[in-house]
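Trainee: The primary structure of each chain is shown beneath.
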Amino acid sequence: MKKILERVYLALLLVFMYAPIIALIVLSFNSSKSRAKWGSFTLNWYIELFSDEAIASALVNTLSIAVLATILSTIIGTATCIAMIGLSSKFRSAITAVTNIPMINADIVTGISLMLLFRFLHLSSGFSTILLAHITFDIPFVMLSVLPRIKNLNFYVYEAALDLGATPVYGFFKTIFPDLVPGIISGALMAFTMSIDDFIITYFTKGSGFETVSTLIYNEVKRGIQPEIYALSAIIFVVVLVLLLVIDRAQNNIAREK
Amino acid sequence: MKKKLISVALVVMITCAALAGCGSEKTDSNNKLYVYNWGEYIDEDVIKEFEDETGIDVIYDMFENNEIMYAKLAQDTSAYDVICPSDYMIQKLIENDMVQPLNFDNIPNVKNIGQQYFETSKDFDPENKYSIPYCWGTVGILYNKTMVDDVVDSWDILWDEKYKGQILMQDSVRDAYMVALIKNGYSLNSKDPDEVSKATEDLIAQKPLVQAYVIDQVRDKMIGEEAALGVIYSGEAIYTARENPNLEYVVPKEGTNVWIDSWVITKGSKHVSNAEKWIDFMCRGDIALKNFEYITYSTPNTEAQENIEDEDIKNSKVAFPDLSTMNVEAYQYLGEETDKLYSNEWMKVKSAD
Amino acid sequence: MKLFKNSKTAPLIASPYLAWAVIFILVPLAMVFYYGLTDDQGGFTFENVATIAEYGYFKALIKSVNLALISTAICLVLAYPLGMILTSMKLTRNTYLVTLFILPMWMNFLLRTLTWMTLLEGKGVINAVLTFLHLPTINIINTPSAIVLGMVYNFLPFMILPIYNALSRIDDNVINAARDLGAGTFQTFLRIIFPLSLPGIISGITMVFIPALTTFAISSMLGGSKILLIGNIIEQQFTQLYDWHLGSGLSIVLMIFIILNMIVENITDTEGGTLA
Chain B
259 MKKILERVYL
269 ALLLVFMYAP
279 IIALIVLSFN
289 SSKSRAKWGS
299 FTLNWYIELF
309 SDEAIASALV
319 NTLSIAVLAT
329 ILSTIIGTAT
339 CIAMIGLSSK
349 FRSAITAVTN
359 IPMINADIVT
369 GISLMLLFRF
379 LHLSSGFSTI
389 LLAHITFDIP
399 FVMLSVLPRI
409 KNLNFYVYEA
419 ALDLGATPVY
429 GFFKTIFPDL
439 VPGIISGALM
449 AFTMSIDDFI
459 ITYFTKGSGF
469 ETVSTLIYNE
479 VKRGIQPEIY
489 ALSAIIFVVV
499 LVLLLVIDRA
509 QNNIAREK
Chain X
21 MKKKLISVAL
31 VVMITCAALA
41 GCGSEKTDSN
51 NKLYVYNWGE
61 YIDEDVIKEF
71 EDETGIDVIY
81 DMFENNEIMY
91 AKLAQDTSAY
101 DVICPSDYMI
111 QKLIENDMVQ
121 PLNFDNIPNV
131 KNIGQQYFET
141 SKDFDPENKY
151 SIPYCWGTVG
161 ILYNKTMVDD
171 VVDSWDILWD
181 EKYKGQILMQ
191 DSVRDAYMVA
201 LIKNGYSLNS
211 KDPDEVSKAT
221 EDLIAQKPLV
231 QAYVIDQVRD
241 KMIGEEAALG
251 VIYSGEAIYT
261 ARENPNLEYV
271 VPKEGTNVWI
281 DSWVITKGSK
291 HVSNAEKWID
301 FMCRGDIALK
311 NFEYITYSTP
321 NTEAQENIED
331 EDIKNSKVAF
341 PDLSTMNVEA
351 YQYLGEETDK
361 LYSNEWMKVK
371 SAD
Chain G
-11 MKLFKNSKTA
-1 PLIASPYLAW
9 AVIFILVPLA
19 MVFYYGLTDD
29 QGGFTFENVA
39 TIAEYGYFKA
49 LIKSVNLALI
59 STAICLVLAY
69 PLGMILTSMK
79 LTRNTYLVTL
89 FILPMWMNFL
99 LRTLTWMTLL
109 EGKGVINAVL
119 TFLHLPTINI
129 INTPSAIVLG
139 MVYNFLPFMI
149 LPIYNALSRI
159 DDNVINAARD
169 LGAGTFQTFL
179 RIIFPLSLPG
189 IISGITMVFI
199 PALTTFAISS
209 MLGGSKILLI
219 GNIIEQQFTQ
229 LYDWHLGSGL
239 SIVLMIFIIL
249 NMIVENITDT
259 EGGTLA
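Residue numbers (this note's numbering), protein chains in the order written: chain B, 259 to 516; chain X, 21 to 373; chain G, -11 to 264.
So that you can see chain B by itself, here it is in the shape it has in the complex (with noise of 0.2 angstroms):
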């Protein structure tokens, strides 16, 4: 009785969860524009879509921004943590004090906050600035997946490397950088994903002319839905889904493997 309820609840949360998402899926192949009638199969708004240069380089930009405020963020975000190792407690404390800002601020204060910089500075806005403000807000998730793993880290090895005539350097590469690599790994993905979501601070500090696929569907939902935003959906969602499973997949593999 107890598993059949369980079961019930699963699948009711899945329900909530993924009817939402599969009713844009239908919808995206209705040739009718109205939302409460279906025409017939069409994959018209597919074509369009496709056509569409606007959606083409909304893409193209949050891609970007996205592998690049990932790539920055984690150099950055890594480097620090491994220098953390050496700083006295006082030092330690006050930076992991600053990176909590950015996680447990609100992101439309965090946004304001970089429009005011961006503004006072004068820079124009666009490309350069949403990018120097993912970074911002990356930086503390790769912090927050690779710092414990430096707190487990076991030194001898690397000690041992050096006193057998390792460089420093080469002795870190080979002993303790590979210790820290999962969780470089798990940062990076997590700053990927923020920054890919985001929505709020890029609001505030993009400029003229430069979308994202977030503030792209903020003005389209202002305008009204395009059927074409439908299958927009539907396509993000099948390439969630297929690397996500890929993901997964891997790192069972390395579980099984270790």
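Simulated from the structure, these hints should not be mistaken for lab results. These numbers were taken from a predicted model, which means no experiment stands behind them. Where is the CB? At the ideal position from N, CA and C, for every residue including glycine. Treat the hints with care, as some may be off.
[Said to hold, decoys possible] Here are the computed distance ranges between Cβ atoms for each label pair:
#1 G:Ala38 x B:Pro440: 49 to 57 angstroms
#2 G:Gly170 x B:Val500: 29 to 37 angstroms
#3 G:Pro183 x B:Pro426: 56 to 64 angstroms
#4 X:Lys131 x B:Ser386: 58 to 66 angstroms
#5 B:Pro426 x G:Gly170: 55 to 63 angstroms
#6 G:Leu6 x X:Lys149: 50 to 58 angstroms
#7 B:Ala312 x G:Asp27: 36 to 44 angstroms
On the provided structure of chain B, position chains X and G as indicated by the hints.
Mentor: Just chains X and G, lined up with the frame of chain B:
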């Protein structure tokens, strides 16, 4: 396996970065033009045509209302080169030194714009130095004949309990107050705090009946029969009636606002000559006609008007209303203090229950 | 700990981030305070902060807190049993199932919200289905209920993840020991499971409450611009009313809530509940 995962991740990232590189190449050229216009206010093919003819790369952004446009421009007057605000906002821009005088020698097609529109423009641009009209019209009520059985000829119907949840109001401060002020018999440019606060009371009283405060969405929602009554610009009347024959546009008897949206060049513009080319292009008869046929907003372009093929539309009282038979008034910029009064009162309306 | 032989190496490596944090975190925040506490002429004033009491702004703040609390509570009530069920399943497939529950997090935030717009509209999908089944239609679009629904739908994964993480880290032996010592199911839950999952709960609450409290996109999309939350008011100060001072002043008010949240979180140190 771990290595594989990393290399997969790397490949993905490099591909994305490469894609991004390709994407940004196009924007490297300096021959650009930043245009800021209302949403759904141009035939997108016209932008393409302009780009093809001039080789200028147009970056086209849209705003929802004059206030959003102003806030964006005030942050950085060089963000856009050419913009298309309404009358009272142009006056505000002129007074705050945010636009620059036009060089009419570089805009020869201005001859196509009817002289009477320049006369009207003198209300907000006294010397006709800064602006060239793009579209004009009135504000009225669009209603669905199958959902409304009363005679729609007064703003009062927007306060009729019968249509609770069926009314769409404009989400912009001046248009919302215009309705409430005129309904009370006041001027839509009222600076009297008592009159404004009476309008606030009315708008708050109306709020439970309102389905949503929207701007560009009015037309889709009315076409989709989501609502029975909506406050809308006259230019949408032809389009919406074409999409859904049950819809009819009315200018209430108490009167309304007559507006002109005009092209102006920003003070900080970095591409002035491109901006002039843009305005000139918009004034061309065939282009204005193309735009008119797509957006159906009344054009001040006499050449375009003459060439409209559909006789019904050409002589339509909706597309080209005879203003002398209506009780109309244009918006004026009310000065910083009254502006503040309106926006604070509007926030009261918006945060009321 | 002899990673850094030279005492200057570590500060050197940390310095880029320190510079970054000062320029892009501390200075901007200081600017919010500067704008919030000054007027047009640059003179010190509390007026911007005090404006929260006028024009119905305070009502909007209360409404925001209410809706955020309701949404957080619903998320918690939905997510906790789910976390327990998922932990107890211990299937090899369990990771897929967990992934399935947090997957919507990777769908674009605005698409997730837009979904509910199309579902809830008067002539939307849900009402079309209801009409087809000859059932009465529902009319919650542009009401607070629609906003709560949107918040729950958007932020539920942020509650599920930390709670599941905390629950799955509880050692079975601890639970078995409690059982051996004669504790019933309810007692085991109250004395063992719940306290051990508390960090996850707190972390989940923070991750749902703050974005729900400060959102402006969900309320403007699902509220038809009829329901103004504090996030909308701040957003409009910047994007429509062009009053940076007032916008910053109201942001300071908002930050009071965030700091309160931070204090709560620090007291109950949430090591187990972080995202990763």
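Trainee: Against each hint, give a clear statement of whether it holds in the structure.
Mentor: These are the hints, each one checked on the structure:
In this structure the supplied range 49 to 57 angstroms holds for Ala38 of chain G paired with Pro440 of chain B, their Cβ-Cβ distance being about 50 angstroms. Under the hint 29 to 37 angstroms, the C-beta atoms of Gly170 of chain G and Val500 of chain B, about 50 angstroms apart, miss the expected range. Taking the beta carbon of each, Pro183 of chain G and Pro426 of chain B are about 45 angstroms apart, not inside 56 to 64 angstroms as hinted. For the hinted restraint 58 to 66 angstroms between Lys131 of chain X and Ser386 of chain B, the CB-CB distance of approximately 43 angstroms leaves it violated.
Evaluation of the 55 to 63 angstroms hint for Pro426 of chain B and Gly170 of chain G yields a pass: the beta carbon distance comes to about 57 angstroms. Separation of Leu6 of chain G from Lys149 of chain X is about 53 angstroms and conforms to the stated range, judged on CB atoms against 50 to 58 angstroms. Taking the beta carbon of each, Ala312 of chain B and Asp27 of chain G are about 40 angstroms apart, inside 36 to 44 angstroms as hinted.
Of the numbered hints given earlier, the model fails hints 2, 3, 4; all others are met.
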